[in-house]
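Peer 1: Using the sequences and the accompanying hints, generate a full structural model.
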Amino acid sequence: MSGKHVLLAEDNDLNAEIAVTVLEETGIVIERVEDGIQCVNRVAQMSPGTYDLILMDIQMPNMDGYKATRCIRRLDDKKKAEIPIIAMTANAFAEDRKKAFDAGMNGHIAKPIDIEKLGAVILSVLNKQENLQNGKNNSMNANRLRS
Numbered sequence: 001m002s003g004k005h006v007l008l009a010e011d012n013d014l015n016a017e018i019a020v021t022v023l024e025e026t027g028i029v030i031e032r033v034e035d036g037i038q039c040v041n042r043v044a045q046m047s048p049g050t051y052d053l054i055l056m057d058i059q060m061p062n063m064d065g066y067k068a069t070r071c072i073r074r075l076d077d078k079k080k081a082e083i084p085i086i087a088m089t090a091n092a093f094a095e096d097r098k099k100a101f102d103a104g105m106n107g108h109i110a111k112p113i114d115i116e117k118l119g120a121v122i123l124s125v126l127n128k129q130e131n132l133q134n135g136k137n138n139s140m141n142a143n144r145l146r147s
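Residues in the sequence shown are numbered consecutively from 1, following UniProt numbering.
Heads up, some of the hints might be wrong.
[Stated by the list, open to error] Mimicking BS3-like on lysine-lysine, the simulated pairs with C-alpha atoms at most 25 angstroms apart in a straight line are:
1. K80 - K98
2. K117 - K78
3. K98 - K128
4. K4 - K117
Please keep in mind that the hints were generated in silico from the structure rather than gathered at the bench.
Peer 2: The structure is reproduced here in structure tokens:
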């Protein structure tokens with residue numbers, strides 16, 4: 001995971017400090033915003049490919065994580081709209097997971113954050129994204145060969 005760039009949307013300073021400390025130890029470059037509006041704006045303003053992943057708190061002021069995710073998924077730039085997003089929430093019930101996935105999130109982790117589980121979820125989501133990208137590239141290459 002070293003060298004990956006993660007955008008952390010988390011309004012709670014203690015939770016953010018823990019996440020930043022742990023993730024930076026793995027070599028991840030992390031940037032923090034404090035609410036959903038800041039998250040959407042940051043993604044929209046940055047160059048495509050700036051972030052490999054977003055860790056999104058659900059309950060934040062101004063705009064919650066569900067709405068922020070839906071806004072990101074509607075961005076015109078496909079690369080930005082398809083950034084993997086992992087929900088981080090104190091709500092770990094099945095309906096909460098479903099709501100996160102229905103909003104367009106790619107993963108879900110319950111708070112308090114278990115570091116090993118977080119690492120596993122991040123790796124899983126990034127691997128799925130990489131496989132999707134490789135599949136698209138392979139399809140495009142195959143189509144070019146047929147032309």
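Peer 1: A separate judgement is required for each hint: does it hold in the structure or not?
Peer 2: Taking the hints in turn, this is what the structure says about them:
Of the supplied pair hints, the one linking K80 and K98 holds, its CA atoms being roughly 23 angstroms apart against a limit of 25 angstroms. This hinted pair does not check out: K117 and K78 have alpha carbons roughly 29 angstroms apart, beyond 25 angstroms. Annotation: proposed proximity of K98 to K128 holds, straight-line Cα distance about 19 angstroms (limit 25 angstroms). As the CA atoms of K4 and K117 are separated by approximately 18 angstroms, the hinted pair is consistent with the 25 angstroms bound.
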